Amino acid sequence: MRTRTYTKALFGTLLVVVALVAACKKPAPQAPPPPPPPAVAPPARPTVTLQSSSTFIQKGESVTLTWSSTNATTLSLSPGVGNVSPEGSTRVTPPDSTTYTITATGPGGTADSSVHISVTAPPPPAPVTHEPSLQELFDKEVKDAFFDFDKADIRADARDALSQTGQFLRSYPQLKVVIEGHCDERGSTEYNLALGDRRAASAKQFLVSLGIPADRMETVSYGKERPFCSASTEECWQQNRRAHIIMAK
Amino acid sequence: MGMIRTSQRFSTKSVRCLPLCLSVFLCGFLSLLFAPPAASQDWFRTGTGLGVSKARVAVADFAGKSPSAQPLGIEFSDVVRSDLDFSGILELVSKSYYPLQSPSAPAELDTKAWTDAPASAQLLAFGNLSASGNSLEIQAWLNDVRNASLPPVIGKVYRGEVNDAQVRIFAHQFADEIISKLSGGLPGIASTQIAFVSNRSGNKEIWAMDYDGENQHQLTQLHTIALTPRWSPDATRIAFTCYAPPGSGSVLTAQICIQSMLTNHLISWPRFHGTNASPAWSPDGSQLMFMSSMYGSPELFVTDASGGHPKRITYSTGASTSPSWNPKTGQQVAFVSDRGGIPQLYTMNADGSSQTKVDLPDMGYVIDPAWSPNGQLLAFSWRRPNGNYDLYVMEIATRQLVELTRDAGRNERPSWAPDGRHLVFESTRTGTRQIWSMLADGTAARQLTKQGQNESPNWSPK
Chain H
1 MRTRTYTKAL FGTLLVVVAL VAACKKPAPQ APPPPPPPAV APPARPTVTL
51 QSSSTFIQKG ESVTLTWSST NATTLSLSPG VGNVSPEGST RVTPPDSTTY
101 TITATGPGGT ADSSVHISVT APPPPAPVTH EPSLQELFDK EVKDAFFDFD
151 KADIRADARD ALSQTGQFLR SYPQLKVVIE GHCDERGSTE YNLALGDRRA
201 ASAKQFLVSL GIPADRMETV SYGKERPFCS ASTEECWQQN RRAHIIMAK
Chain X
1001 MGMIRTSQRF STKSVRCLPL CLSVFLCGFL SLLFAPPAAS QDWFRTGTGL
1051 GVSKARVAVA DFAGKSPSAQ PLGIEFSDVV RSDLDFSGIL ELVSKSYYPL
1101 QSPSAPAELD TKAWTDAPAS AQLLAFGNLS ASGNSLEIQA WLNDVRNASL
1151 PPVIGKVYRG EVNDAQVRIF AHQFADEIIS KLSGGLPGIA STQIAFVSNR
1201 SGNKEIWAMD YDGENQHQLT QLHTIALTPR WSPDATRIAF TCYAPPGSGS
1251 VLTAQICIQS MLTNHLISWP RFHGTNASPA WSPDGSQLMF MSSMYGSPEL
1301 FVTDASGGHP KRITYSTGAS TSPSWNPKTG QQVAFVSDRG GIPQLYTMNA
1351 DGSSQTKVDL PDMGYVIDPA WSPNGQLLAF SWRRPNGNYD LYVMEIATRQ
1401 LVELTRDAGR NERPSWAPDG RHLVFESTRT GTRQIWSMLA DGTAARQLTK
1451 QGQNESPNWS PK
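Protein chains in written order, with this note's numbering: chain H, 1 to 249; chain X, 1001 to 1462.
If you're looking for bench data, these hints aren't it; they were derived computationally from the structure. Quick caveat, the model's predicted, so the values are computed rather than measured. Just so it is clear, CB atoms sit at the ideal spot from N, CA and C, and this is done for glycine as well. It is possible that part of the hints are untrue.
[Unchecked claim] Across the chosen pairs, the derived CB separations fall in these ranges:
id	chain 1	residue 1	chain 2	residue 2	range
1	H	Cys236	X	Thr1443	33 to 39 Å
2	H	Glu235	X	Tyr1097	57 to 63 Å
3	H	Cys229	X	Gly1387	20 to 26 Å
[What the hints assert, rightly or not] Quick look at which bits of chain X chain H covers, simulated, 3 or more residues with Cβ under 8 Å:
id	region
4	1222-1229
5	1252-1259
6	1311-1324
Model the full structure from these sequences, guided by the hints.
Right, dumping it as structure tokens:
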């Protein structure tokens, strides 16, 4: 009886193995599922992308706009470009900051894509970080001397002005100056040439007394020939009664 | 009126030269013309032969001998009339009183038509003008129409090219002949010129014009500043203040420049240190006096005519400028100095000795002295307190004063005509600075310039 049982078991095992082996093998091809019923599919939505070679430019520079699209029948790029092909690129030179928008239209609807170009004014030619020039320092530090009517005497305010001028001239010992004597319109042409000469000489003499060598200063009288101001008022006359100090060329 | 009145007159010279007159009869006429004034005469008049009745003179239209000559004949007559009118020594008969017929030669002269009222002329200028090809010929006479039997007082023939400018020149010459005869030999001024400063080119440059304002033309092109022109006594050069490089350095300073009227170019002249201005010729033309600060303060210096041998004349604490030589003596110089505080008038000898302040009866700036040709009068500009600059004439010997302008803007820089009867000056009376001339008694002012700003006139010595 035992033998029969063993045989039965062996057979059964064999069957299982065969079955397992069979199971490990490629499954037997199944019949394809029946196709779905033919429903009406909606058209695909168009897609579009727009890119720029740069989004920050200076006024006058150009950028390249590049775009691509799907499912679009017409593409319009604005402002200023118009209808374009489904894929492509173009160069634009926006005068000011501009948002470019491309609109794709197809059977599936519309889509758009935008890119903003910021346009900035060109920077100033040179950043103002230079040292002040000698002329600028001269104009800031050198003060003219003003005079009373028909006088060539150095007043207190002229003393202060010339002292400041003298300080500047001492710091720039290579600098030479011209002292121009000027007058208001009231005296005669000829007398004013003399008076202007004396004013220029007074200013020069005062600077010499401050230690500025005389050979650094030339004088010239313009009388009333080169007024700073032309109204017939005391304010204007005072502007014209002066020793005007300029850098020698 | 703070003015001093006087019976001072200056007709003695005219009386003295009477023996030179053309005819005995004419001498009689002129003696009447320049007879001493009535005792009641109480008038200060500058000039010659003023204060007596003036001769009535008519100028007939000069006949043109061809159609093209007719407008030139009219122009000639107009210029002669204008010159005679401005001379101040005669009375011009109004053209509307003239008879219809103008004589073109002595044979055609109907004296009665001119002596009768309303013309009532004593003297008649007339003549003719012919132009053939480019040859101009003008025959001109002056007749004493009250004495028909006398030969012409003047008979002249002028020949030259056919153009307006030449016709004007001949008209001035003929007018000067008439004026010289009627003033007893003193020169007429119709052929003189006036140098002045104008800014109409954009810079102040030296210009010149005929004495009547015609023919204004630019002499210098320095493009800087040119001021204070003064004719040399022989009228061949003009000294003036220019801005030019001095002897050393690169700065433009006031210097003396000399323009040749013969070559129309600057004559080389030395540059001095400092401010150099206001040149004045000695009457013999051998020296120039000018203001210079070459040694420091502005003083008067004298050099020879070519700028050599500069010599300092004044030494003072203030500025000295605006020299004017006495043209008669050459020994005195009037000038302006502020040594007393404000610009005042001074006189001195030409070597700098005897410096004397000329006292005036009031305060105020005194500038621009100009000595009259006879050496007896000083014209100057004076700004009395609360007033504007006005022109005055002072008789040096007596210090008597005549005010020539009043309430008519700034009046400055008088310059005498060589006849001593006229002054040219600058005035702002129109609102802009312009050149004017007038009789030396302040009457008959007429404006000579209109364009731009014009100043500093100087009358040519001949």
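Looking back at the hints listed earlier, which ones does the structure fail to meet? none
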